[in-house]
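Using the sequences plus the hints, can you model the full thing?
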Amino acid sequence: MASPVKSSPRDAQVMGAILKEMGVTEYEPRVVNVMLEFVYRYVTDVLEDAKVYCNHANKKSLDAEDIKLAVQCRMDHSFTSPPPRDLLMEISKHKNSQVMPLIKPYTGLRLPPDRYCLSAPNYRMSSHKAVKKHQARIQIGLPQFQQRINLSQMSMTPGFLAGKLGAGGPHLTVVSKPGMGVPAVTIVTKPSGQQTMTAKPAIRISTGTSLNSLNQNRTFHQVVSTSSSHAGPQHTIQFQPLQSTTTSLITNQSMNPLKRKMEDDYDNPS
Amino acid sequence: MAGNEVPFSDSLKTQANMQQSLPFQNVPKADVSDKQTLLAVLQFLKKNNLKGTEELLKREASIKDDDVRPQTSSQSETDVSHALAAYKSADDPSLFTDYYTDLKTFIESCLDAHKVELSVILYPVFIHMYLEMVYNEHESYAILFFRRFSKEQEDFYQEDLQKLATVTKKEHMKGNELMESFKASKFVIKMSRDSYNHLKRYLQENKMKPLLNIIQEHLFIDVFDGVPRTKQQIDATSGALLGESERDANKVKVFYGLLKEPDINMPLEEEDEPPEGEDKPKKKKPKKDPLMMKKSKNDPHAPAFNRIPLPEMKDQDKMEKITAYREALKRVKVGRDNPPTICFYTVLNSYQGVTSIDMSEDSSLLCAGFADSTIRVFTTSSHKLRSMKTAAELDNIDRDADDVLERMMDDRSATDSKLLTGHSGPVYAARFSRDRKYLVSCSEDGTVRLWSLLTWTNLVCYKGHNHPVWDVEFSPYGHYFVSVGHDRTARLWATDHHVPIRIFSGHLSDMDCVKFHPNSNYIATGSNDRFIRLWDILNGNCVRLFSGHKGSVQALCFSPDGRFLASSGVDSVVLLWDIATGGLMAQMKGHTDTVYSLCFSRDGGVLASGGLDNSVKLWDVIKVLQEVDTDADTSIPSSVHVNDSTGLLIGSWATKATPVLCIHFTRKNLMIASGPAALTEEKSPHKT
Numbered sequence: 001m002a003s004p005v006k007s008s009p010r011d012a013q014v015m016g017a018i019l020k021e022m023g024v025t026e027y028e029p030r031v032v033n034v035m036l037e038f039v040y041r042y043v044t045d046v047l048e049d050a051k052v053y054c055n056h057a058n059k060k061s062l063d064a065e066d067i068k069l070a071v072q073c074r075m076d077h078s079f080t081s082p083p084p085r086d087l088l089m090e091i092s093k094h095k096n097s098q099v100m101p102l103i104k105p106y107t108g109l110r111l112p113p114d115r116y117c118l119s120a121p122n123y124r125m126s127s128h129k130a131v132k133k134h135q136a137r138i139q140i141g142l143p144q145f146q147q148r149i150n151l152s153q154m155s156m157t158p159g160f161l162a163g164k165l166g167a168g169g170p171h172l173t174v175v176s177k178p179g180m181g182v183p184a185v186t187i188v189t190k191p192s193g194q195q196t197m198t199a200k201p202a203i204r205i206s207t208g209t210s211l212n213s214l215n216q217n218r219t220f221h222q223v224v225s226t227s228s229s230h231a232g233p234q235h236t237i238q239f240q241p242l243q244s245t246t247t248s249l250i251t252n253q254s255m256n257p258l259k260r261k262m263e264d265d266y267d268n269p270s
Numbered sequence: 001m002a003g004n005e006v007p008f009s010d011s012l013k014t015q016a017n018m019q020q021s022l023p024f025q026n027v028p029k030a031d032v033s034d035k036q037t038l039l040a041v042l043q044f045l046k047k048n049n050l051k052g053t054e055e056l057l058k059r060e061a062s063i064k065d066d067d068v069r070p071q072t073s074s075q076s077e078t079d080v081s082h083a084l085a086a087y088k089s090a091d092d093p094s095l096f097t098d099y100y101t102d103l104k105t106f107i108e109s110c111l112d113a114h115k116v117e118l119s120v121i122l123y124p125v126f127i128h129m130y131l132e133m134v135y136n137e138h139e140s141y142a143i144l145f146f147r148r149f150s151k152e153q154e155d156f157y158q159e160d161l162q163k164l165a166t167v168t169k170k171e172h173m174k175g176n177e178l179m180e181s182f183k184a185s186k187f188v189i190k191m192s193r194d195s196y197n198h199l200k201r202y203l204q205e206n207k208m209k210p211l212l213n214i215i216q217e218h219l220f221i222d223v224f225d226g227v228p229r230t231k232q233q234i235d236a237t238s239g240a241l242l243g244e245s246e247r248d249a250n251k252v253k254v255f256y257g258l259l260k261e262p263d264i265n266m267p268l269e270e271e272d273e274p275p276e277g278e279d280k281p282k283k284k285k286p287k288k289d290p291l292m293m294k295k296s297k298n299d300p301h302a303p304a305f306n307r308i309p310l311p312e313m314k315d316q317d318k319m320e321k322i323t324a325y326r327e328a329l330k331r332v333k334v335g336r337d338n339p340p341t342i343c344f345y346t347v348l349n350s351y352q353g354v355t356s357i358d359m360s361e362d363s364s365l366l367c368a369g370f371a372d373s374t375i376r377v378f379t380t381s382s383h384k385l386r387s388m389k390t391a392a393e394l395d396n397i398d399r400d401a402d403d404v405l406e407r408m409m410d411d412r413s414a415t416d417s418k419l420l421t422g423h424s425g426p427v428y429a430a431r432f433s434r435d436r437k438y439l440v441s442c443s444e445d446g447t448v449r450l451w452s453l454l455t456w457t458n459l460v461c462y463k464g465h466n467h468p469v470w471d472v473e474f475s476p477y478g479h480y481f482v483s484v485g486h487d488r489t490a491r492l493w494a495t496d497h498h499v500p501i502r503i504f505s506g507h508l509s510d511m512d513c514v515k516f517h518p519n520s521n522y523i524a525t526g527s528n529d530r531f532i533r534l535w536d537i538l539n540g541n542c543v544r545l546f547s548g549h550k551g552s553v554q555a556l557c558f559s560p561d562g563r564f565l566a567s568s569g570v571d572s573v574v575l576l577w578d579i580a581t582g583g584l585m586a587q588m589k590g591h592t593d594t595v596y597s598l599c600f601s602r603d604g605g606v607l608a609s610g611g612l613d614n615s616v617k618l619w620d621v622i623k624v625l626q627e628v629d630t631d632a633d634t635s636i637p638s639s640v641h642v643n644d645s646t647g648l649l650i651g652s653w654a655t656k657a658t659p660v661l662c663i664h665f666t667r668k669n670l671m672i673a674s675g676p677a678a679l680t681e682e683k684s685p686h687k688t
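Protein chains in written order, with this note's numbering: chain B, 1 to 270; chain P, 1 to 688.
Everything labelled a hint here was simulated from the structure, so no lab data went into it. Keep in mind that a hint or two might mislead.
[Claimed, not checked] Result set (DSBU-like, lysine-lysine): computed pairs, CA atoms no more than 35 Å apart in a straight line:
1. K318(P) with K95(B)
2. K68(B) with K174(P)
3. K93(B) with K170(P)
4. K163(P) with K20(B)
5. K330(P) with K384(P)
6. K46(P) with K35(P)
7. K260(P) with K95(B)
[As the list claims (entries may be wrong)] Which bits of chain B does chain P cover? Going by a derived footprint, with three or more residues having C-beta under 8 Å, they are:
8. 84-90
9. 112-126
Glycine included, every Cβ here is placed at the ideal spot set by N, Cα and C.
As structure tokens, this is what we get:
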């Protein structure tokens, strides 16, 4: 494209001349504008920095040294250039002297350790958090809610309910009883033939008055049926937990029994 | 006048070996200040023609005269300034012009045979004289000198001269990369012995001290015994930033053969081709096909199979090989009499700006990298692109089924193209792996990313280059890939290491393209400094240096048998190199603009090239091979003939307005080319 028109400002003409000298013969007209903007910004920044250095050195006015220093600092900061050739030769000599790493046989996907891959999940399910929140709200008197989380056919983690649960996995439901005002957590288990309920699950209900202004009645209802038949009734444990920690304990471990143990749930303080 | 001959006496005394160089003072890195004073004293002695004292001082101070090769001399910051200090001479700058004109007249007065060889020396002498004047702060003289003589230099050096023209003050010298390359490395010139003697005699007679200094310190004259070269021969191999490649650089043995293929039991009885039914009983025997026979013999030029660790072949790979072999049987023979059919894929309406296009080896997938940092993968066959099922669904499928590879794909996700996002800068190259499971891409943000083509997600981000990465390529056997970029290095990565396992450095300017050799033991890199280097992966050494391009190298391609390398770039000339000797075999001129893509046909008989001039040209490689003079002694540059005939062009086909970014030959030798349509509004007829 043609060099800037004669009627354009002097700066634009200078920029056109610079482009011509550097061998750039074809360019869109807007290039001159963009280059001028860059020049203005760069020069302003350098001059400001130089002023700072000048003040620091307690000089009366700017001189060439301040400008030089400002330019140098800016160069190192924003316009990094590739490393010098001799440094590259050194590095490559060092690297190339190492033996080629062997390839592990019979692996499927050959990838670096997980830390360096982008294959980790970058999200976390937070549905139990919602339960907690609701419960907290209930404690200060919000209308009841009904929430049923039914996990069927899931094997429980062994540490739950003192271990010894039989096959077929327990069920966990969170049921809110109308009229109670607080949700109840029902743990439904298949009969295991054991008095598993003697050792109560680590759920304690306490009437913590500080947390609840309503001071509702809490009932801890435990129905233990000691029938030994396999098709027997279900054990139920009903309680209305007050503290959020306990619910989260239950819901956490029961919500995602398949969840890997190593993934800590930060909400779970236990 | 015995004193005058002393600087050359060393060269005369050395044994009659083919290569010689003028003595160069390589100073041990002992004490910088002492060194400098010593050198200053030496300079003084030299200036005043006290040669005897000079030699004595050199011997006593144990400053060795080493033959240092330009490519291996590495100098640190202090050395550069030290080398700059060597310019300090109180010579009157006006004398420089006189020296230069005298040299010119002398060369003109030589015999024709020597004239062309000696005129090569004018360019580096001009450069160094100019730089010396600038260093000594004779700015006005320097500018005058430059203006007077720069236009007389060769065309292909004009770009470098333009860059150098911006260096007019001493302070400019420090930051200028081009200048640093000139300072730190020597300019290589190949000269026959007769011309060299001529030059020596002239310089001795006329006692031009600064000229002598310059030639001694900055030039490396590779002397060979033989007939002086013609202008054509010299032009063919000159043009690189630092002259030509010296013969030593191309002496190492290169294993250019293909790897021995493991014997696969070809279950050809499963072949379902009715027309060949009568051949069925014959197929049970090992087929005497030229395709297989070559590979079963032991090729002396082939590297050992375990020279570098390569992944072992899985069942899937074996199936792939069998399919490839079957398709290769149906290959069409292409040549001058039978030009290949060309199928062109045009990317239309790509507002984002297509920066690279690549096809998979079996031609079923095409991927395009865009300037808006996305990559799009298209399917060229009727099979749609599907992604793998989720983990939950995968649990339910039967793993022992025969078609488990089909079952694991989710048909609901079948589409014609998939979009891959992840980069934060224009994607400059995106390449498929041979088994079509991975895609590797590089971009301006300095990262190289590995994508899975089964889940269509980004698997790994390799960070190593801190500057834009211009090209990346997968190894033909998988597992390795190499990337080149602005930081003048090539890095070899393995998919299971987050850091590179090899770093190849040596180029003087950024590296623009890279290709793996078919045997996966070597890589070729083309750079902005107009050199092409062949690197050995095993130890990281540069084994070949090819000079001859007059513009930045943008495209490379190895021949399928691994013996030749084709290259091209901004100078729009396609060059064919012989890897075994490092010599240039043919120059193919015809393109009028930068060539961005090169590809050999599957049997290596035809070379296709395409570029910015919107055309595809086919070149006859068989003719080049036929006309090669196998008796020539390749160590003597003047006896090597470069095939330059215009008869090498088979044909040229133009597109409407589409630069050709990718050329690919299918397994059956159908040619596929691809490019982004560059239709602009100005071409519209309705514009008033």
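Quick rundown of the hints versus the structure:
no.: 1; hint: K318(P) with K95(B); result: holds (34 Å)
no.: 2; hint: K68(B) with K174(P); result: holds (14 Å)
no.: 3; hint: K93(B) with K170(P); result: holds (33 Å)
no.: 4; hint: K163(P) with K20(B); result: holds (12 Å)
no.: 5; hint: K330(P) with K384(P); result: holds (25 Å)
no.: 6; hint: K46(P) with K35(P); result: holds (16 Å)
no.: 7; hint: K260(P) with K95(B); result: holds (29 Å)
no.: 8; hint: 84-90; result: holds (count 6)
no.: 9; hint: 112-126; result: holds (count 6)
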